[in-house]
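Trainee: Chain residues, written in single-letter form:
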Amino acid sequence: MPEESVMDRHLLPRSEVAGHSEVRTNLRVVQALGLRSIRQTFRRPQLMAPIVIFPTLLLAIQTGGAGGAVGLPGFPPVQSFLQFMLAGAMMQSLMLAGNSGGIALAVDIEMGFTDRLFAAPISRYTIVLGRLAGTAALGLLSALWFLAIGLIFGATIEGGVPGALLAIALVTVTAMAVGGIGAAIALRTGSASVVQGLFPLVLVVLFLSSAFFPVNLMIEPARTIAEYNPLSFIAEGVREPIIAGIDATDTAEALLAVAAIVALGLVLSARALRHRLRVG
Amino acid sequence: MEAASATAETPAWRANLATIAALMARAKNEILRVPGAAIPGVLAPTIFFLGLNGVFGALTQLRGFEVGAYESFIVPVSMLQGAGFTGAAAGVNLARDIEQGWLDRLLVSPAPRWVLLAGTVLAASLRALIPATFVLAIALPLGAGWPGIDGLLVTYLMVAAMAAVAACWGSMLALRFKSQSAAPLMQSGMMALILLTTAYAPLALLQPWLADVAEVNPVTEVVEAARQGFVGGVSWAGTWPGLVALVALLAVLGALALREMRRTNA
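Top line first, the protein sequences correspond to chains A and B.
Position one of the first sequence corresponds to residue 1 (my numbering), numbered consecutively onward.
Position one of the second sequence corresponds to residue 1 (my numbering), numbered consecutively onward.
Derived by calculation from the structure, the hints in this document are not laboratory data.
Remember, it's a predicted structure, so these values are computed and weren't measured experimentally.
Beta carbons: idealized from backbone N, C-alpha and C, even for Gly.
Just to be clear, a hint being listed does not mean it is correct.
Taking beta-carbon pairs under 10 Å as the criterion, some of the chain B residues facing chain A (in silico) [claimed, not checked]:
1) R63
2) G101
3) L195
4) A201
Okay, the calculated bits of chain B under chain A, using three or more residues with CB under 8 Å as the criterion [said to hold, decoys possible]:
5) 16-28
6) 41-49
7) 134-145
8) 225-232
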């Protein structure tokens with residue numbers, strides 16, 4: 001169909017049609033790269049294990065080992081320790097999904113795949129966004145997985161379907177936000193082993209948050225650090241709909257924390273992308 | 001490997017010992033030449049120790065938790081976790097050797113298969129003392145109780161033997177799958193074996209399902225034996241069940257790893 005008739009039909013100026021076409025192309029690139037990222041994770045057990053196996057194992061062990069903690073004075077009212085820990089397991093999974101996404105991007109850089117994408121007539125940002133879309137999808141899967149585990153083993157979602165949807169949405173966007181930082185480090189260093197080396201750091205940041213235990217019952221200095229750790233706000237935002245119901249303040253604080261991580265990821269990724277394009 | 005290809009006059013046992021020593025020296029060289037590779041194995045148990053202590057330290061307030069400091073309770077678990085990670089890493093390294101063809105060269109040498117396995121396993125045992133010592137050095141100033149010389153020796157013995165168990169497990173999987181992709185299975189298997197015990201709390205305070213698992217998990221005896229010096233006195237009654245459990249685990253996993261090694265062709 002000639003281009004003129006397309007413009008006539010939609011009554012749009014030529015530049016706008018070109019813009020629409022560009023947006024659609026970019027979306028298709030993001031979709032293709034996102035799907036590739038998900039397939040890659042499912043094909044490589046070493047990428048899947050940190051997202052599903054380790055957090056599930058730790059969830060079982062911590063629930064069974066520290067379940068008596070619900071009897072401690074100051075512990076928030078919960079149906080069970082499993083119900084409390086679901087948010088922690090999701091946080092761990094999404095953090096490791098972000099790290100795994102960074103590792104996979106670094107492997108692409110090492111193997112020259114990213115160079116081929118840079119040479120293609122597509123926006124460079126779609127390359128990063130494609131990877132982040134894959135990470136977000138893994139975050140979504142992780143949220144569904146842990147909610148399913150919780151429901152199977154008797155945990156209730158106090159916030160009902162809206163509460164579950166809120167928790168899923170928060171986990172998904174946080175996975176994408178954390179993935180942005182992983183992608184930035186991968187682009188900056190171009191080394192999978194460097195990104196993999198961040199694995200212990202991910203655990204440190206997670207332990208120093210309220211992901212696994214109420215802040216008021218933590219031991220100093222972990223307690224003070226956890227009070228200011230943005231991940232604590234997100235963990236509470238995910239946990240509240242599960243253990244009590246949707247709370248506007250907790251949700252707003254969680255969204256602010258996610259926005260802060262997104263902003264940091266965007267700035268770092270943009271700078272790292274420029275660096276990567278400069279050094280090749 | 002020179003000693004392994006010694007002349008026919010060299011007694012077999014001496015050649016075997018020399019081969020094991022050479023394989024252990026190779027593992028030591030890896031640490032010296034790529035010290036960064038040992039960092040995750042050291043950092044992971046240290047982070048777990050600091051994290052678990054900061055997060056679950058309040059568990060000592062529960063009725064039935066007879067230990068004063070959670071640091072004392074958790075430090076032997078972290079040392080054993082270090083052993084688990086180190087042993088699993090030995091499996092990953094063996095998988096890498098298989099992928100790169102290095103094991104093929106060993107297999108065509110006159111060294112018996114058990115000698116090749118012993119070199120890997122004993123190297124892991126010695127290597128596990130590094131993360132254990134690092135974790136201990138962090139834990140003692142933070143408030144973990146001094147276990148006494150006897151307690152320390154028992155703990156180190158448990159750590160070294162647990163690393164050997166983990167190395168047998170890792171080697172078995174490496175020889176079975178012949179790929180580093182099996183690494184998560186090596187690590188998660190050991191993590192489960194060590195943590196599905198009285199790692200976090202005494203048996204009476206565990207959830208019923210975990211208490212049932214811990215009671216049949218032989219590593220519970222290993223954890224208790226390694227812990228005794230930190231939370232009380234060392235006794236033979238508290239030590240021998242751990243030793244029996246380790247010998248049994250070594251016999252089973254060692255036999256399985258050796259079977260895989262014998263099935264592997266150059």
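Trainee: All hints, please: hold or fail.
Mentor: So, going through the hints one by one against the coordinates:
Hint on R63 (chain B) holds. Least Cβ distance to chain A is approximately 8 Å, under the 10 Å limit. Taking 10 Å as the C-beta cut-off, the interface hint given for G101 (chain B) is violated, the closest approach to chain A being about 21 Å. Among the interface hints, the one on L195 (chain B) holds; its C-beta lies about 4 Å from the nearest C-beta in chain A, closer than the 10 Å criterion. Look at A201 (chain B): its Cβ gets to within about 5 Å of chain A, closer than 10 Å, so that hint holds up.
Interface restraint, the segment 16-28 of chain B with chain A: violated (0 residues with C-beta to C-beta distance below 8 Å; minimum three). Counting residues of the segment 41-49 of chain B whose beta carbon lies closer than 8 Å to any beta carbon of chain A gives 4, which meets the minimum of three for the stated coverage. With a threshold of 8 Å between beta carbons, the proposed coverage of the segment 134-145 of chain B by chain A is violated, since 0 of its residues qualify and at least three are required. Here the segment 225-232 of chain B counts 0 residues with a CB under 8 Å from a CB of chain A, which misses the bar of 3, and the coverage is violated.
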